[in-house]
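A.B. asks: Spelled out, the chains give:
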Amino acid sequence: MMTLSPATADLIAGALGFLFTVALLSYLIGDNPLYRIALHIFIGVSVGYAALVVVYEVLIPRLVEPLRSGDMTAAALAAMPLALFLFLVLKISPKAAPLGNLSTAYLLGVGTAVAVGGALVGTLVPQVQATWLSILPGAQGGFLNNLILIAGVVCTLAYFQFWVRGRSDDGQPRRGPLMRWLAGAGQAFITVALGTAYAGMILSGIAVLSERLTGLYEWITAVIR
Amino acid sequence: MVLPTDDSNARRCDVCGESNPPDRALCRGCGAPLSAPDADLPAWLPQAGASGPAEAAALPGWLVPAAPGAPSADTPPAPAWLPQAEAAPGPPAERPSPVIDEPVVDAAPPTPDEPAQPRPEEPAAPPTIDDVIPDWLLGLEEAAPAPAASDAGPGEIPDWLAALSAAEPVKAAETEPEPEPEFEPAPEPEPEPEPEPDPADVVPDWVRELSEMAAARSKPEPPPPAADPPPVEMPDWLEEFVLPGAEADDRPEPPAAPPPDWLTGAFQDEALSDEPAKEPSPPPAEAPPAWLAGALLDEPAGETSTDEEKPPLVKSDVPEWLASASWLDEEKADDALEPAQVKPAEPEPPEPEPAPSLDWLDLIAANEEVEAQKKPAEEPLASLDLDEWLGSFDFGGDDLDLPVSDALAGEDLLGLSGDLLSGEVEDEPDAGADEATAADADEMPEWMRALRQDDAPAPAPAATPRTNGREKPPQITPDPGLLERLEGLRFSEIAGDAGAGEAGTESVGALKNVSGVIQPEIIFEGSTLTVEEPVQEMIVTEEQVRQIELVKRLLAEEAAPPAAGRKPLPVLRWIVALLMLAVAALPLLPTGDVLDTLPLPEGGPGAAAAFEVVEQAARARSTVLVAFEYEPDVAPEMQPLAEAVLAHLAEGEDTVVYAISTHATGPAMAEDVLRRAAPRGRGWKNIGYLPGRATGVNSLVLGGPAHAPSAFASDHLGQPTGLGLNSLADGGIDLIVVIASQAEDVRMWVEQAGAFTGLPVVAVVSERAAPFVQPYAASGQLAGLLGGADDAVAYREMLGGDVEHALAERVSVQMAAAGLAAALIVLGALIFGLLSLREKRGHAR
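Line by line, the protein sequences give chains A and B.
Counting from 1, one number per residue, gives the positions in the first sequence under this note's numbering.
Counting from 1, one number per residue, gives the positions in the second sequence under this note's numbering.
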């Protein structure tokens, strides 16, 4: 098997990177085949690498090895997920699809339980506790910050409440006055939050772009040299 | 009897006899409701009953000369029936059926020349029969025998005529009940009918001649030869008038052109025929009305009389239509307008098929036969109490024995129904019919000839003399082949055996018990329809071609996708992209040194906290679990942060770092960072991929079964690590560092690992995840938070080392790009806001 030197590997990698970068940046002029090729290659490589990782880091050490180890307990423990896997595969056939419901149910049940438990314990309760701040002057963290924080939380939660009280002149459902004010304020906080997220995305992109341009420059320089 | 007025439409009152206008409903004399005029009777006849000689002018034109005191009228127009009689002379019609209401064929219409003379007011008392009959007609009664009105069946003879017959002893020959008189018998203000000479004064000459002829015939003279036809000018029915009392045998032979059936059958007497006296034959179909039949005498028509014997029938004042009648003597027919001399009747030509007989003619003919048998030597019409004009006619005897018509058995006016019956009506020998047929062949109308064409060919008419209606008119015999032809039209005959077999008797449906039903036949066989002869040529007009092209064009337009308009060039996008590229490429530009002048941003409070926590872990020789939760796309941003933290951890001498990732590409990212930051020989492990996301982290926290493989068992290459750890608790993990590009990964580790284990979690996130992770940091769930390049630079500065130039430049570029982006956003918002505001104002105007 031929091995590549680090320099060669770097050169090839650099070249490929240059090509793919240019191809992806060609989206500026519109969707084009070069962009589509680069995109598909990126997706394909990612999926392939992931598949290899799953095979070598999950299936073989956690399924194949126990089954081959001779340990009955280990094998049994490995057979149970194997059976669930087979049941899940049977969903391809309409006649045997009901058997895959067992695996689906197990996956959904376990996942939901873990997620709900973690959300309750790790997010909901602590965040509610953290919101219980003092808005009194002299409070820790400043009462203005606390006030804004509380207002933001309450208004944002009010925005997602759809309590309807009567209808407007055009027949549309209409909130109460207080709820309309709170929802409006919450909408403002949401807007600011989303704007901040969008700004962060831009900064991230700029950072990536800058790094890419710098890398292309260095590669070209290295090639030229 | 008051002669009818000239107004043929006038309505005579049945009570007082007064003539009323046709539009009146009530009589103006007595106020009685006026009955509808009898359509069957001539217009002038219903008006009979009115008295006054002034009514003579109301007579039809052809009868005006015969009216008493009436001036000579011009030649009246020929009645409509006369030309038909000339065209199709038929055999002696049968005795007419005793139906009074039989319409008189082409009754003489009133002459238009006659002025409508007003009638005097009638007395209130209803007129008698004598009042009805004009005086001049009564005079004729002496010369003629009693009419055979009584012989006719009840209802066939007018009431006044029947009453006349009953009054005269000669008349009442039969004991038939008298029919109801049309008019109530009224007192007889009229004088007795005048004797014979008197009718001669009022009766036209031609009528008088007829009477004379009838009288001459009534004398005991040998009957003329049968072959001698009657005078051409004199119709048969008129011959009786002139020759009253003549023997039936003396009746001359039928003329060469026999009169129509209704005339010949009515006025032909057996005395005129050579044949022996026959039984009373049914009245001919075309016999005169019964009212006239009763007045007819059994007088020969004078067919057999010669010119010498017969007085001239036609005089100068004979109507033209009458004189020109072809059924008269041929010679007289040629001299229609001249005083015709009675010529001997020519041999009767071969008689055609018998014409349909009229009942009343048959009646008259039958009556004549009876009269001929009795052969009284009375003057014609002498005993009749008729008007003078009617009395001059020889109706063949006083008592007209009109036999009952056999047509009562089912024969219609034309005598056709009797033919269609299955022989129920027994007709007389066909000789008479044949004679009638032959006699009427020339006089028969066209329509009558057509009826006879389908019948069997008429037998050769025997050279028998005309019987002037005395003989039974020939019956219409059905064509023997007609029934056969009809049978041949039956379905069974056409279809033959197949039809008979298929078209059986239906047993169900609306055609149940019906035979000969055509069964549905299979038009095609097989399951598909095939075209044997495809269309070879299709004719399409130009208009159709245009329509077809139009339809095709419309369909094509509908199927065609909408024409996409040319998209405008994204100029704005290109401008923004170029600006951003320019900013991103600042380090490469010659003016890149400007970035060095930019102050580095200070880190946030989280950066300091994170630094403290990591510093503490590094000093304590902790085991740190570093979760690399980012993808290669954000690696340029995340790697500086990750390298900074790992470099800080590497400062600790016995700090162990386990890299793990719940992303499939995470181990690769970890390997790249560990290769740069991890010290060699420190046993830092890249655990690799942890499947299951939150479930995997939870299992990592809780630990798996004892015999189940652990997550720490192998590394990212599948090589056993030899750690022997099953859970985080077993591994002595002191710190969890989550390096994530998304906030969800941080939340997952915080929820699953930090909340359940109580381990401190430090989050190293990207710029876009920092806002969403800040609440966890504010709530104390995160020990530290590093977000973005800013915190990376600040962390580096806290470490005391030099900030890498690349990292500095990166930060500077980010700062510049952020500034540019902010400027563009604000500028764009201002521009588009102003434009929209201006547009709204424009709409408002």
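Bear in mind the hints are in silico, worked out from the structure with no lab data behind them.
Worth double-checking, as some hints may not be accurate.
Unchecked claim - Pairwise CB distance ranges, derived in the manner of DEER restraints:
hint, chain 1, residue 1, chain 2, residue 2, range
1, A, Val-154, B, Pro-601, 54 to 64 Å
2, A, Leu-19, B, Ala-729, 45 to 55 Å
3, A, Asp-170, B, Ile-825, 44 to 54 Å
4, A, Ile-220, B, Arg-682, 35 to 45 Å
5, A, Ala-130, B, Pro-562, 49 to 59 Å
6, A, Leu-19, B, Arg-676, 19 to 29 Å
Stated by the list, open to error - Residues from chain B that keep clear of chain A, each with C-beta distances beyond 12 Å, as calculated:
hint, residue
7, Pro-445
8, Ala-450
9, Ala-559
10, Glu-631
11, Ala-664
Claimed, not checked - Interface residues of chain B toward chain A, partial, derived using beta-carbon atoms under 10 Å:
hint, residue
12, Ala-635
13, Thr-665
14, Arg-693
15, Pro-709
16, Gly-718
17, Gly-722
18, Ser-741
19, Met-748
20, Gln-814
By construction, the Cβ of each residue, glycine as well, lies at the ideal position given by its N, Cα and C atoms.
A.B. asks: Does each hint hold? Answer for all of them.
C.D. replies: The hints, checked one at a time:
Hint check: Val-154(A) to Pro-601(B), Cβ distance near 32 Å, so the stated range 54 to 64 Å is violated. The hinted range of 45 to 55 Å is satisfied by Leu-19(A) and Ala-729(B), whose Cβ atoms lie roughly 48 Å apart. Between Asp-170(A) and Ile-825(B) the CB atoms are about 34 Å apart, so this pair departs from the stated range of 44 to 54 Å. For Ile-220(A) and Arg-682(B), the hinted distance range of 35 to 45 Å is satisfied, since their beta carbons lie about 37 Å from each other.
Distance hint check for Ala-130(A) and Pro-562(B): the Cβ-Cβ separation is about 55 Å, which falls inside the suggested range of 49 to 59 Å. For Leu-19(A) paired with Arg-676(B), a C-beta distance near 25 Å keeps the hint of 19 to 29 Å intact. With a closest Cβ-Cβ approach of about 90 Å to chain A, Pro-445(B) is found to remain outside the 12 Å limit, as its non-interface label requires. No beta-carbon of chain A is positioned within 12 Å of the beta-carbon of Ala-450(B); the least distance is around 86 Å.
At the 12 Å boundary, the C-beta of Ala-559(B) stays outside the reach of chain A, the nearest C-beta of that chain being 26 Å off. At the 12 Å boundary, the C-beta of Glu-631(B) falls inside the reach of chain A, the nearest C-beta of that chain being 8 Å off. Distance check on Ala-664(B): its Cβ comes as close as 3 Å (rounded) to a Cβ of chain A, failing to clear the 12 Å threshold; non-interface status is violated. Restraint check, Ala-635(B) versus chain A: the minimum CB separation of about 8 Å is within 10 Å; hint holds.
With 10 Å as the threshold, the beta carbon of Thr-665(B) comes within range of chain A, its nearest partner Cβ sitting at about 6 Å, so the hint holds. Because the smallest distance between the Cβ of Arg-693(B) and any Cβ of chain A comes to about 8 Å, under 10 Å, the interface hint for this residue holds. A cut of 10 Å between beta carbons decides the hint on Pro-709(B): the least distance to chain A is about 5 Å, and the hint holds. A cut of 10 Å between beta carbons decides the hint on Gly-718(B): the least distance to chain A is about 5 Å, and the hint holds.
The interface hint given for Gly-722(B) is violated, since its Cβ lies 13 Å from the closest Cβ of chain A, which is over the 10 Å cut-off. Taking 10 Å as the C-beta cut-off, the interface hint given for Ser-741(B) holds, the closest approach to chain A being about 8 Å. At about 7 Å, the closest approach between the beta carbon of Met-748(B) and any beta carbon in chain A falls short of 10 Å, and the interface hint on this residue holds. A hinted interface residue such as Gln-814(B) counts as satisfied when its beta carbon comes closer than 10 Å to some beta carbon of chain A; here the least separation is about 5 Å, so the hint holds.
Hint violations for this structure: numbers 1, 3, 10, 11 and 17, all remaining hints satisfied.
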